[in-house]
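Trainee: Each chain is listed here by its residues.
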Amino acid sequence: MTEEYQTVTIRVNGEDVTKSIPVRTHLVDFLRNELGYTGSHLGCEHGICGACSVRVDGVVVRGCLTLAVQCEGADVLTIEGLSDSGEIADLQDKFVERNAMQCGFCTPGMLMTAAELLSHKQAMSRDEIREFMSGNFCRCTGYHAIVDAIESINNSRLKG
Amino acid sequence: MSFIHPYDRPNSYVGRTLSRTRAKRAVAGRGRYTDDITPPRTLHAAFVRSPYAHAKILSIDTASAKAAPGVRLVMTGAELKDMCSGPWVGTLTVFEGMKAEPQYPMAVDRACWHGEAVVMVVADSRALAEDAAELVEVQYEELPVVINKDTALDPSSPVIHPNLGDNKAWEKSAVMGDVDKAMAEADHVLEQTFYFGRHTAVSLEPRVLLAEYDPGTERLVIHTSSQCPHMIETVFARTLGIPEHNVRIVAPDVGGSFGLKIHTFGDEVATTAASMKLGRPVKFVADRLESFVSDIHARENRVRAKIGFTKEGKLTAVDFDVLGGAGAYSQYPRTSVFEANQIMNITFGPYKHEHFRSKATVVYLNAVPTSQYRAVGHPIGISVGEFMMDWAAEVTGLDPFEIRRMNVMEDDGYPRNIGTGIPMKDLSHQACLEKLHKIMDYPALRAEQAELRKKGIYRGIGIAGFIKGTAPGPEGYYGAGGARIAAQDATTVKLEPSGGVIVCLGVTDQGQGVDTVMEQIAATAIGCKIEQVRAISGDTDAVPYGGGTYASRATAIGGEATYQAALDLKREILDMAGKLLQTTADKLDIVNGVVVDAATGAERIPLSEIGRIGHFQLGELPRGYQPVLSHTRRFRLEGLPYIFTNGIHGAYVEVDVDTGWIKHLKHWVVEDCGRIINPQLADEQVRGGCVQGLGGAFYEHCIYDENGQLQNGTMADYITPMMSEMPDIVVDHVQTPTSESELGAKGAGESGTGAAPGVVMNAVNDAIRPLTKGRVTEQPMTPEVVLKALGKV
Numbered sequence: 001m002t003e004e005y006q007t008v009t010i011r012v013n014g015e016d017v018t019k020s021i022p023v024r025t026h027l028v029d030f031l032r033n034e035l036g037y038t039g040s041h042l043g044c045e046h047g048i049c050g051a052c053s054v055r056v057d058g059v060v061v062r063g064c065l066t067l068a069v070q071c072e073g074a075d076v077l078t079i080e081g082l083s084d085s086g087e088i089a090d091l092q093d094k095f096v097e098r099n100a101m102q103c104g105f106c107t108p109g110m111l112m113t114a115a116e117l118l119s120h121k122q123a124m125s126r127d128e129i130r131e132f133m134s135g136n137f138c139r140c141t142g143y144h145a146i147v148d149a150i151e152s153i154n155n156s157r158l159k160g
Numbered sequence: 001m002s003f004i005h006p007y008d009r010p011n012s013y014v015g016r017t018l019s020r021t022r023a024k025r026a027v028a029g030r031g032r033y034t035d036d037i038t039p040p041r042t043l044h045a046a047f048v049r050s051p052y053a054h055a056k057i058l059s060i061d062t063a064s065a066k067a068a069p070g071v072r073l074v075m076t077g078a079e080l081k082d083m084c085s086g087p088w089v090g091t092l093t094v095f096e097g098m099k100a101e102p103q104y105p106m107a108v109d110r111a112c113w114h115g116e117a118v119v120m121v122v123a124d125s126r127a128l129a130e131d132a133a134e135l136v137e138v139q140y141e142e143l144p145v146v147i148n149k150d151t152a153l154d155p156s157s158p159v160i161h162p163n164l165g166d167n168k169a170w171e172k173s174a175v176m177g178d179v180d181k182a183m184a185e186a187d188h189v190l191e192q193t194f195y196f197g198r199h200t201a202v203s204l205e206p207r208v209l210l211a212e213y214d215p216g217t218e219r220l221v222i223h224t225s226s227q228c229p230h231m232i233e234t235v236f237a238r239t240l241g242i243p244e245h246n247v248r249i250v251a252p253d254v255g256g257s258f259g260l261k262i263h264t265f266g267d268e269v270a271t272t273a274a275s276m277k278l279g280r281p282v283k284f285v286a287d288r289l290e291s292f293v294s295d296i297h298a299r300e301n302r303v304r305a306k307i308g309f310t311k312e313g314k315l316t317a318v319d320f321d322v323l324g325g326a327g328a329y330s331q332y333p334r335t336s337v338f339e340a341n342q343i344m345n346i347t348f349g350p351y352k353h354e355h356f357r358s359k360a361t362v363v364y365l366n367a368v369p370t371s372q373y374r375a376v377g378h379p380i381g382i383s384v385g386e387f388m389m390d391w392a393a394e395v396t397g398l399d400p401f402e403i404r405r406m407n408v409m410e411d412d413g414y415p416r417n418i419g420t421g422i423p424m425k426d427l428s429h430q431a432c433l434e435k436l437h438k439i440m441d442y443p444a445l446r447a448e449q450a451e452l453r454k455k456g457i458y459r460g461i462g463i464a465g466f467i468k469g470t471a472p473g474p475e476g477y478y479g480a481g482g483a484r485i486a487a488q489d490a491t492t493v494k495l496e497p498s499g500g501v502i503v504c505l506g507v508t509d510q511g512q513g514v515d516t517v518m519e520q521i522a523a524t525a526i527g528c529k530i531e532q533v534r535a536i537s538g539d540t541d542a543v544p545y546g547g548g549t550y551a552s553r554a555t556a557i558g559g560e561a562t563y564q565a566a567l568d569l570k571r572e573i574l575d576m577a578g579k580l581l582q583t584t585a586d587k588l589d590i591v592n593g594v595v596v597d598a599a600t601g602a603e604r605i606p607l608s609e610i611g612r613i614g615h616f617q618l619g620e621l622p623r624g625y626q627p628v629l630s631h632t633r634r635f636r637l638e639g640l641p642y643i644f645t646n647g648i649h650g651a652y653v654e655v656d657v658d659t660g661w662i663k664h665l666k667h668w669v670v671e672d673c674g675r676i677i678n679p680q681l682a683d684e685q686v687r688g689g690c691v692q693g694l695g696g697a698f699y700e701h702c703i704y705d706e707n708g709q710l711q712n713g714t715m716a717d718y719i720t721p722m723m724s725e726m727p728d729i730v731v732d733h734v735q736t737p738t739s740e741s742e743l744g745a746k747g748a749g750e751s752g753t754g755a756a757p758g759v760v761m762n763a764v765n766d767a768i769r770p771l772t773k774g775r776v777t778e779q780p781m782t783p784e785v786v787l788k789a790l791g792k793v
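Chains A and B supply the protein sequences, listed in that same order. Residue 77 in the working numbering is what sits at position 77 of the first sequence, and the numbering runs on without skipping anything. Residue 11 in the working numbering is what sits at position 11 of the second sequence, and the numbering runs on without skipping anything.
Hints listed in this document are in silico derivations from the structure and should not be mistaken for laboratory results.
Computed list of lysine to aspartate or glutamate pairs in EDC-like fashion (alpha-carbon distance at most 16 Å, straight line):
1. Lys494(B) / Asp568(B)
2. Lys56(B) / Glu141(B)
3. Lys579(B) / Asp589(B)
4. Lys314(B) / Asp187(B)
5. Lys24(B) / Asp90(A)
6. Lys663(B) / Glu131(A)
7. Lys24(B) / Asp93(A)
8. Lys663(B) / Glu725(B)
9. Lys435(B) / Glu410(B)
10. Lys168(B) / Asp321(B)
11. Lys24(B) / Glu97(A)
12. Lys352(B) / Asp178(B)
13. Lys172(B) / Asp321(B)
14. Lys666(B) / Asp127(A)
15. Lys663(B) / Asp127(A)
16. Lys24(B) / Asp84(A)
All of these numbers come straight from a predicted model, not from anything done at the bench.
All chains should be built: construct the whole structure from the sequences, respecting the hints.
Mentor: So this is what it looks like as structure tokens:
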């Protein structure tokens, strides 16, 4: 069996990177193993848990179900880039203050999806927040603190 | 020295919410988990696993795999056996009469469960290793499968391990008083059988291990996602014949543990053996599909319970037997019988026992080995006991609160033994009960329930009291049982030249906030600023030998060791300051990291000066006076198998009586974990624990078919709770410090998990009570189970 390679150019966290990679490499393996962006995590590799959530061309996707070669020319943002941009600094501070994470393994994905929620700039009830965030699993917190943190920042931004 | 009250000193961080330092890096995506570490020349392991639940291995052909691109090693179970000092035998001497089949890290000539590792392939990448694993040809001959615990002891049942004679792993019984007589004299006797499904931990970060054997120094360094670095250091060293002092275990950030990661697994030993053989780093990350068939499973019990009580509602007799379905082997070294043993101990635990009988039997099945998972045995025992108490309330016409008021051990009635002879002390069932009644606004909730029933909306209210065994002592299971697992723990507290304080912990942190809690304890004891203190954990080269974190023990055991070590350091600092300042220690104190005059508070010398002089300028000290500035303390629970905590949950659910769907509306917990160090972290332990318990109550179930094939080994099919399914959880506390330590902490990590399943089962039954005599007695409470109770399917 011969491994098939393809050269891809992807903009990752604002920088263009060009790599020759096995075509079967999924996006998170590419980010973690080729580029060292270890903030994106693999919890199930079958699209359920949400720990691998990254932003591709402005939309949050499952990084484990996306092949890196599909992202040719795309703009990919990981938790590292999202952090550096300051876009959700308030939410990150609130997560810390409210202890809205324990082991932290789900947290980057959770924040990616929460950033998308905040970007909608809509008032949301706790139930609506829970519904929106349901594609991201957390096994530690019981979710209550995560809802608290997102609700608090969504409300404060709307009052803004 | 008595405990420093949280509120009467400037640097009292005990009882205060402080944020975790690890949290700040987690939100930036800068956590460092084992799979984030890849040294140069790292290879990757993948495993060929048995597709059968029970099969003889006739032949293994590895030639094609060995020739595949990037492959560096292919190892069979038989080859790995030759590298092992001997098999694992998962028994403890405290479990009298227990039988266990010797087990090697991978199947040698027979596979005993679907998913047991048979062949390891090590290659340049995980993908290449998996490619090659597909080329390994194993010829099997299927053997009869034992998968049903109810029939596993029938004379006609096949026997998994012929050397053991039958499928029984262990059996135990306990008696207090005269149960038969009390049952005969009781006004009412109720009897019920319960079934609890098999669960698994589903830590979001799977098991992962990176082994680096250096043939030059003959040192083995393992980075792994572990709760118990020293325990696994011992297991790896002894299994692979390496001197233990040549092994270093590092647990970096751990992505969820829940008891799963106190264990050592065969595929991890194989990965380590590969590193030894190749002299290169080898990494193994369990993918989610192999997690389901190789991580320990838990629960899977049948319980038959019978109670006798007076017409007034006083519980007079308790009789129950537990049947546990273990896996194909007893998990080494902690065994697979703790669950059943713990159910024996804690069922009906909140209540006064006079006539008590319990029995436990554990049988082997051709399934994944079972062992400790968060709140071992408690979800089952509490569900059973609290169901029976609610039923007795119904029969006697009492409110569920009232029957518990009547039967709980009184808060001033300790010490008092439970039925298995274990002493209870420092508990607060009465205070917790009254507090729950208040915070639920129970009368209003009952009124709302009645009102909604008129509209055809069926809501149920449940309550469930509990005891929780925490912080096991060395005279109990592990030490006395013969396992090399530390039930004591140790902390070293050191003053650095800069005046900073380093706290080296035998216990570990998987996100609970153990490091932060220990920093709070040390800063409080010394009298310095929290910023001056840094905790180090999870590295056996850096910390004193400890047991790690399990059984809600980190703060209870490790916290006391930290507190005492920090007080020792404070005493030395004051002694040394006395020498430098030509006074005596008793006239000095430490406030904000500065030695002060105890009487006036006047600043005399900062810790940075003590550190500088103590490490560098020793000439300023009297001749013959040698500072140490590093103190280690160990702490163990003496004379008791556990510290016990207690508490009570409340739940409010709505049942769709046409579909069987349950909506969990609200959850309350009042619990007593003793002295609380960090209120927010304690609350979040309880909340997270609740949802873990609720997952098992509503959804989670490892489903095997009659051939021992796991049917739902994906996260799409084995359902863990999502955010939208879970309610808000109100947490409150009663604080009764344990009298076993000065710090008084008891442990909070499992109080949510233990009672959450029981309280929602009671709430569901309360919801459907007007419609049916049927009851939900099975978990998970799927819609089908609910509809069965309603008589609709």
